[in-house]
Amino acid sequence: MIDYQFNTADLFFALPELFMVAAIALILLLDLFVSERFQNLTYYLTQSTLAITGYFAFNLIGESAVIFDGTFVLDTIGSYFKVFMMIFSIVALVYSRHYLSVHNLLKGEYFILSLLSVFGMMVMVSAHSMLTIYLGLEIMSLSLYTLIAIARDRAVAIEAALKYFVLGAIASGLLLYGMSMIYGITGSLDIGQIAAFATGANLISEQVLILNFGLVFLVIGIAFKFGAVPFHMWVPDVYQGAPTSVTMFLSTVPKIAATAMLVRLLIDGLGGLQAYWADLFMILAILSIGLGSLVALMQTNIKRLLAYSTISHIGFILLGFITGVVEGYGAAAFYVLAYVLMSLTAFGTIIVLNKQGFEADQIVDFRGLSKHSPWFALIMLFVMLSMAGVPPFIGFYSKLFILQQVISAGYIYLAVAAVVFAVISAYYYLQIIKTMYFDDTEKEVTVTAPMDMRIILSINGALILVLGLMPSYWMELAISLF
Amino acid sequence: MEFSSILFYVFGFCLVASSAMLVIARNTLKAAMLLILSFFSVASLWLLLEAEFLAITLILVYVGAVMVLFLFVIKMLNIDQSTIRAKFTTYLPLGIFISIVVIAQIALVLSAGQFDLENVEEPTRHVAGYSNITELATDLYTTYVYPFELAAVLLLIAIIAAITLVHRKDSRSKKQNISEQISVQASDRMRLASISSTKSKETK
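From first to last, the protein sequence lines stand for chains V and G.
Position one of the first sequence corresponds to residue 1 (my numbering), numbered consecutively onward.
Position one of the second sequence corresponds to residue 1001 (my numbering), numbered consecutively onward.
Since the hints were made in silico from the structure, they are not lab data.
Just so you know, these numbers come straight off a predicted model, no measurement behind them.
We put the CB at the ideal spot given by N, CA and C, even for glycine.
One should not assume that every hint holds.
What the hints assert, rightly or not - Which bits of chain V does chain G cover? Going by a derived footprint, with three or more residues having C-beta under 8 angstroms, they are: (1) 121-133; (2) 149-157.
Claimed, not checked - Distance condition first, Cα-Cα at most 27 angstroms in a straight line; then the derived DSSO-like pairs of lysine-lysine: (3) G:K1175 <-> V:K107; (4) V:K107 <-> G:K1174; (5) V:K163 <-> G:K1030; (6) V:K355 <-> V:K434; (7) V:K107 <-> V:K355.
Unchecked claim - Reference excerpt, derived from the structure (chain G facing chain V, CB under 10 angstroms, subset only): (8) Q1105; (9) V1109; (10) Y1144; (11) I1157; (12) A1162.
Kindly generate the complete structure, drawing on both the sequences and the hints.
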């Protein structure tokens, strides 16, 4: 009766995930019993777990397999995404530690929840069934809600967490409704079988209607996780209310996971309906770029400003997916990774300015930074120029590749509109540079960040320039993923 | 009409009616009770589909545990009714508009006929000795073992999150220190002070 086949050797393909879950369980116990004797033990264990998981994922590059009865897939794009997620998470946690220690938030749970959230993202990246995509999404989101609320004494943080939680639950509901429609018509949760159904030659129009109905809800769920307009309402409030280290984490690594979710559901699964979802993405993309660029002009809080800047970057990422060609998808993946690098550096520089009892989150906090700490001012200058899209930084090339693909796909008006809004957005990036270099303040700006953070931040800032000087290798890599 | 069809329509009507009343109910307590009724109707529909185990679990877990907790929370929070009612009417036109659009869309999708009996075959009826739980367990621990373990991780996060957000180390927690209690001396608890009675009278 039971014809179940289980090959133990298959578990090898899920090694990064299995190792991570085991490590999380171990760290959870150690944190409870030994953390009082060995300070920072949880932190170092977390970092080494991320590093080892990244190493396992790196070793699996090139392998491909579908295991666990079609609920788990290992392929090149998944392995690369996992490696990048681990690297960026390690960097984010190095920055987080300084912020947490100056604001008395340094707790073992912070690192454990970060690990769990990264685990959820890995599940999403390797999902081959709508069931696992949803479970990965919930594992990631639930950890993130808690991370935001970890600053229990700040009313804004609790408000941000609650807002994110309620809106996230609604988005999950819509996503599930869409999934149920797709399941209803295809009869399968498996991404491979959905793809076979959606690309089938003898689809009748009624079947396409139901697929499209489900598709709209899937796109809403994805747009919410990205924070694309008009599903962006949570982004500014959450970015502003959350502790800066959580904002940094939230604005970087989950975007890679959201891209993976998009790739799995829409390209791998419903690739046959590309013409339909590209139309939806066009609206999302142009609204995101427009609103993100215009509303950011009026912000005085730098975290809120970066939130709107994120929304406009998301618009560019979505532009890459409307082209429907491998080069366009590659350009979008390149943009995501470049954006994560820039965003990490930007938030890292904000965190550097934090010190005991002082929360740096206003643009005016950057006044006179070039006099007191010219090195970090230079790094922030790199980030801002890169985000504005000035050559030779990486942000310029990521925008260039996207626009090239959009134009060659024939959407010239979209490209023109995107460039116009990018020029408008240059104003607020340049305003931050002006604040750092030309505004004076009597207040002494001192930097108390530890040496490891300074070194990593310097490398991070330098990469924005260095990768911008030689982007072709990474661009080719990004295209080869699809 | 078969008896099971009549049952289906009765429970279906109960479900739709209780859900609709749940949304427009003014009293939160009434809304919670209506939610219980809709859970019951869903469980009965599942019974008609031969999903006995799931039906019983729904009642045990959702009605027995989750809704009881809900009722406790509603009783403890003492929500101000008037503010909720004020917001209800301001968003009513928008809500009605969105509902009509969504209902129209669903009608369009269902009228496409893809979920009719010609396209979706009727599930086969099982014999009396058929075990729901065995089938469910076999699937959960074989085909769906990976999602099953992921759900376990999700529950772990829920525990960690709840403890992280609510537990406070110093304030309010009253712990016993047993070794301290055993080794306590009489002198630690009571101080014998000699007060002269005359002096105390003078101060009074």
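Here's how the hints hold up against the structure:
Only when three residues or more bring their CB closer than 8 angstroms to a CB of chain G does the claim for the stretch 121-133 of chain V stand; here the count is 4, and the claim holds. Coverage of a stretch by a chain is defined here by at least three residues with a beta carbon nearer than 8 angstroms to that chain's beta carbons; for the stretch 149-157 of chain V and chain G the count is 3, and the condition holds. Taking the CA atoms of K1175 of chain G and K107 of chain V, the gap is about 21 angstroms. The hint holds against a cut of 27 angstroms. For the suggested pair K107 of chain V and K1174 of chain G, the alpha carbons sit about 22 angstroms apart, so the restraint of at most 27 angstroms is met.
Under the criterion of a C-alpha separation no larger than 27 angstroms, the hint pairing K163 of chain V with K1030 of chain G is consistent with the structure, at around 26 angstroms. Among the hinted pairs, K355 of chain V with K434 of chain V is consistent with the structure: their alpha-carbon atoms are about 23 angstroms apart, no more than 27 angstroms. The straight-line distance between the Cα atoms of K107 of chain V and K355 of chain V is roughly 18 angstroms, inside the 27 angstroms bound, and the hint therefore holds. Hint status for Q1105 of chain G relative to chain V: holds, with the closest Cβ pair at about 7 angstroms, below 10 angstroms.
Checking V1109 of chain G against chain V: minimum C-beta separation of about 5 angstroms stays under 10 angstroms; hint holds. With a least beta-carbon distance of about 7 angstroms to chain V, the hint placing Y1144 of chain G at the interface is held under the 10 angstroms criterion. A cut of 10 angstroms between beta carbons decides the hint on I1157 of chain G: the least distance to chain V is about 5 angstroms, and the hint holds. Nearest Cβ of chain V to the Cβ of A1162 of chain G: about 9 angstroms, under the 10 angstroms cut. The hint holds.
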